[in-house]
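Peer 1: Okay, here's what each chain looks like letter by letter:
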Amino acid sequence: MSKANFEQTLAEQLANVDKELQPDKDLWPGIELALSSEIADSPPVVAGNKMYLVAATIAIFGLIGWLAVNQQPVSLTGVDLVASLSKQHLEQKNALLVSFQDQPALTQNWQDQLIELDDAADAIKTALENEPNNMALLKMLQSVHQQQINLIERVHSPKWQQMSQI
Amino acid sequence: MANQGNVVAAQHKFATKSEWDLIKAVQNGDKQAYNRLYQTYIGQVYGLCFRLTGEKMLAEDAAQEVFIQLWRKIGNFKGDSKFSTWLHTVTSNITISYIRKQKGWLQKMFNIEDSVAMNAEADESSSSVDIESYVARLPERARIVFVLHAIEGYRHEEIATMTDMAVGSSKAQFHRAKHLLKEWMGYE
Numbered sequence: 001m002s003k004a005n006f007e008q009t010l011a012e013q014l015a016n017v018d019k020e021l022q023p024d025k026d027l028w029p030g031i032e033l034a035l036s037s038e039i040a041d042s043p044p045v046v047a048g049n050k051m052y053l054v055a056a057t058i059a060i061f062g063l064i065g066w067l068a069v070n071q072q073p074v075s076l077t078g079v080d081l082v083a084s085l086s087k088q089h090l091e092q093k094n095a096l097l098v099s100f101q102d103q104p105a106l107t108q109n110w111q112d113q114l115i116e117l118d119d120a121a122d123a124i125k126t127a128l129e130n131e132p133n134n135m136a137l138l139k140m141l142q143s144v145h146q147q148q149i150n151l152i153e154r155v156h157s158p159k160w161q162q163m164s165q166i
Numbered sequence: 167m168a169n170q171g172n173v174v175a176a177q178h179k180f181a182t183k184s185e186w187d188l189i190k191a192v193q194n195g196d197k198q199a200y201n202r203l204y205q206t207y208i209g210q211v212y213g214l215c216f217r218l219t220g221e222k223m224l225a226e227d228a229a230q231e232v233f234i235q236l237w238r239k240i241g242n243f244k245g246d247s248k249f250s251t252w253l254h255t256v257t258s259n260i261t262i263s264y265i266r267k268q269k270g271w272l273q274k275m276f277n278i279e280d281s282v283a284m285n286a287e288a289d290e291s292s293s294s295v296d297i298e299s300y301v302a303r304l305p306e307r308a309r310i311v312f313v314l315h316a317i318e319g320y321r322h323e324e325i326a327t328m329t330d331m332a333v334g335s336s337k338a339q340f341h342r343a344k345h346l347l348k349e350w351m352g353y354e
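So the protein lines, in turn, are chains S and G.
Just so it is clear: in the first sequence, position 66 is 66 by our numbering, and no numbers are missing.
Positions in the second sequence are counted from 1; adding 166 to them yields our numbering.
Any given hint could turn out to be false.
As the list claims (entries may be wrong) - Calculated Cβ distances over 10 Å to all of chain G for the following chain S residues: (1) Gln88; (2) Leu90; (3) Thr107; (4) Glu129; (5) Pro132; (6) Gln147.
What the hints assert, rightly or not - Capping the alpha-carbon separation at 20 Å, the derived lysine to aspartate or glutamate pairs in EDC-like fashion look like this: (7) Lys267/G with Asp119/S; (8) Lys267/G with Asp122/S; (9) Lys222/G with Glu20/S; (10) Lys348/G with Asp296/G; (11) Lys239/G with Glu129/S; (12) Lys239/G with Asp118/S; (13) Lys267/G with Glu221/G; (14) Lys267/G with Glu129/S.
What the hints contain is simulated information worked out from the structure, not anything from laboratory work.
Even glycine gets a Cβ: it sits at the ideal position worked out from N, Cα and C.
Start from the sequences, fold in the hints, and give me the full structure.
Peer 2: What follows is the structure, given as structure tokens:
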């Protein structure tokens, strides 16, 4: 069969391609769930008490984190430890996001950076599924979690915002 | 006021009033409106995601990612182009980024070549087989370029920007894709 035939057949088949395809399952519930955890949906915080709330949140979750880290070797290992670390981190992160929801962020792309760190954490957790007691991976996961917390605090910190205006 | 008039005119030029109202509602945080927008455009978004990824599950995840990120990005849509065109570009960019993240990590960990799909057995080597199944079998970079250029109509310069590759590489990948399709369709 000739080259011309191929080009013609290809062109005809491409012209008949239906641009729209429907997924086998409804994707909306997953999207809605993800959007529910977006900052915009979080309940408003009274502006005057914000800094106290932020400080209290950091202190409480810092204490919980310290207790968790110091007690986990005794009570949790492997998959349970990863699940516990992830749960605590999610709670800490969400609490911080709620605290800062009405405060302007220093950069425009901080949420993209947050997602990239989420992806990194997911990749480490996938690796941990095969090696749940790998300490190097566990430390990497904790490090990524800490980077997220630092990022959220840094982009909303008045100190950093003032420095950026200098 | 004159400016405002121009903006309204531009909006009506590229979108029907009902579509523009829907977009404005979404931009104001209306989730029910966003669900209607999802219902309207899921076919377009998923279709593009499926062709770019070549896999149903990846395409579903990518389409979800598109609509999650679209919620944050839709405020950037000013109505100076058709919404479907703008959404098309957003979908392409997010899906390509998604493929890189997913496959990049797997490839680093397990050294998976992008020719896995290409080496899969086809049902038959004939032009009667659906072109879509051949496109899905193409190696990743060749598939992305072929889909964006031959099906979606992007220029190689635009594809180069979207995929972070040189224009020459985009053309080479397109040539590679066509060569493989030609072989698989029994023309060589």
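Peer 1: Examine each Cβ of chain G, and state whether all of them lie more than 10 Å from the Cβ of Gln88/S.
Peer 2: holds (24 Å)
Peer 1: Just to be careful, I want the Cα atoms of Lys267/G and Glu129/S compared with a cutoff of 20 Å; is the pair within it?
Peer 2: holds (19 Å)
Peer 1: For the pair supplied as a hint, Lys348/G and Asp296/G, is the alpha-carbon distance within the 20 Å limit?
Peer 2: Within the cut-off at roughly 13 Å; holds.
Peer 1: Does the claim that Leu90/S lies outside the interface with chain G hold up, using a Cβ gap greater than 10 Å?
Peer 2: The claim stands: Leu90/S keeps its Cβ more than 10 Å from every Cβ of chain G (closest is about 16 Å).
Peer 1: Given the hint that Lys267/G pairs with Asp122/S, does the C-alpha gap stay at or below 20 Å?
Peer 2: holds (11 Å)
Peer 1: Using Cβ atoms and 10 Å as the threshold, tell me whether Glu129/S really stays out of contact range of chain G.
Peer 2: At about 12 Å from chain G, Glu129/S clears the 10 Å cut-off, so the statement holds.
Peer 1: With the threshold set at 20 Å, check whether the alpha-carbon distance from Lys239/G to Glu129/S stays at or below it.
Peer 2: The hint is violated at about 33 Å.
Peer 1: Would you check whether the claim that Thr107/S is not at the interface survives, using Cβ distances to chain G and the 10 Å cut-off?
Peer 2: For Thr107/S, whose nearest Cβ neighbour in chain G is about 14 Å away, the distance exceeds 10 Å, so it holds.
Peer 1: Measuring Cβ to Cβ, find out whether Gln147/S lies farther than 10 Å from everything in chain G.
Peer 2: Answer for Gln147/S: holds, closest chain G Cβ roughly 17 Å.
Peer 1: Compare the distance between the alpha carbons of Lys222/G and Glu20/S with 20 Å, and conclude whether the hinted pair is satisfied.
Peer 2: holds (14 Å)
Peer 1: Checking the smallest CB distance to chain G, is Pro132/S really beyond 10 Å?
Peer 2: holds (16 Å)
Peer 1: For the pair we were handed, Lys267/G and Glu221/G, check the Cα-Cα distance against 20 Å.
Peer 2: holds (15 Å)
Comparing the model with each earlier hint shows a violation of hint 11 alone; every other hint is respected.
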